[in-house]
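Q: Start from the sequences, fold in the hints, and give me the full structure.
Residues 1 to 281 (my numbering) are what the sequence shown spells out, left to right.
Worth double-checking, as some hints may not be accurate.
Said to hold, decoys possible - Listed next, the in silico DSSO-like pairs over lysine-lysine satisfying Cα-Cα at most 27 Å (straight line):
(1) Lys138 <-> Lys150
(2) Lys150 <-> Lys217
(3) Lys217 <-> Lys192
(4) Lys259 <-> Lys138
(5) Lys52 <-> Lys4
In case anyone wonders, no lab produced these hints; they're calculated from the structure.
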Amino acid sequence: MTLKQALSRAREMLVANNIEDASLESELLLRHTLNISRIQLYQDLDHELSPKQEQIFWNLIRRRLNHEPTAYITGHREFYGRDFYVNPHVLIPRPESELLVEMALSLAQNHRVATIAEIGTGCGAIAISLALSLPQAKIYATDISAPAIKVALTNCRKHEVVNGIHLLQGDILDPLPEPVDLIVANLPYVKKAELLQSPAKFEPLLALNGGPDGLQKIHRLCRQVENKLHPTGYLLLEIGQGQSRAVTTLLHNLFPYAKIEVVPDLGGIDRVVSLHLPKNK
Numbered sequence: 001m002t003l004k005q006a007l008s009r010a011r012e013m014l015v016a017n018n019i020e021d022a023s024l025e026s027e028l029l030l031r032h033t034l035n036i037s038r039i040q041l042y043q044d045l046d047h048e049l050s051p052k053q054e055q056i057f058w059n060l061i062r063r064r065l066n067h068e069p070t071a072y073i074t075g076h077r078e079f080y081g082r083d084f085y086v087n088p089h090v091l092i093p094r095p096e097s098e099l100l101v102e103m104a105l106s107l108a109q110n111h112r113v114a115t116i117a118e119i120g121t122g123c124g125a126i127a128i129s130l131a132l133s134l135p136q137a138k139i140y141a142t143d144i145s146a147p148a149i150k151v152a153l154t155n156c157r158k159h160e161v162v163n164g165i166h167l168l169q170g171d172i173l174d175p176l177p178e179p180v181d182l183i184v185a186n187l188p189y190v191k192k193a194e195l196l197q198s199p200a201k202f203e204p205l206l207a208l209n210g211g212p213d214g215l216q217k218i219h220r221l222c223r224q225v226e227n228k229l230h231p232t233g234y235l236l237l238e239i240g241q242g243q244s245r246a247v248t249t250l251l252h253n254l255f256p257y258a259k260i261e262v263v264p265d266l267g268g269i270d271r272v273v274s275l276h277l278p279k280n281k
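A: The structure is reproduced here in structure tokens:
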């Protein structure tokens with residue numbers, strides 16, 4: 001079987017099983033099987049797969065047909081233009097979370113941001129993206145999951161930012177040893193009932209379950225912010241669809257003089273709540 005034939009057959013199987021982006025998925029899995037680049041793949045589509053390569057490839061396709069995410073199958077996920085190692089101990093980074101990075105970098109261009117904390121770091125994609133763009137900043141990255149911290153450390157080594165990021169295991173803001181200029185957080189915000197109705201088969205529930213209203217962890221973070229953020233500091237908080245009013249109301253009650261904004265993602269969904277503490281209360 002040639003590469004072209006394998007791609008075509010895999011695409012048909014994925015489409016028949018309602019797998020989105022079937023062409024891209026089949027390509028990624030074939031490239032992973034052969035350990036080749038996209039250019040190498042399309043330069044030699046008439047190349048014949050060996051029997052062993054065919055076996056490996058179709059095993060991967062079967063895993064995908066079982067709805068195992070491609071990122072877990074390959075161990076890779078691109079985020080903010082860089083490759084990150086992922087496994088089932090961490091949530092797969094989403095494209096919409098890149099907005100947190102963009103907003104943090106924009107703030108750093110116009111304000112003093114010497115210390116940053118990323119809360120719920122998972123594989124470390126956000127903290128590492130910030131460290132690579134802001135090498136002078138001191139960055140803390142926290143996660144309650146010890147296995148997640150190990151994945152983040154692997155990625156810190158991969159991107160050579162081990163000295164620039166302090167990985168801390170613990171819940172929400174508890175592990176932070178000092179107040180910081182900027183807190184960036186992507187905490188679990190899915191309602192528990194939604195997870196029970198449509199259980200996450202492969203991704204860690206710890207990274208998804210936001211409690212009965214989806215805001216349990218977010219509420220806890222907001223109530224801890226005052227003691228962990230410098231005066232005039234910033235909070236960038238990713239939220240789920242339909243949560244902006246509840247989160248902004250909470251923040252207005254906690255910080256009546258703060259500047260609070262909501263920024264939509266590329267799909268027009270309110271995605272990030274920004275809070276700027278006033279210089280004087």
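Q: Could you work out which of the previously given hints the structure breaks and list their numbers from low to high?
A: Failing hints: none at all.
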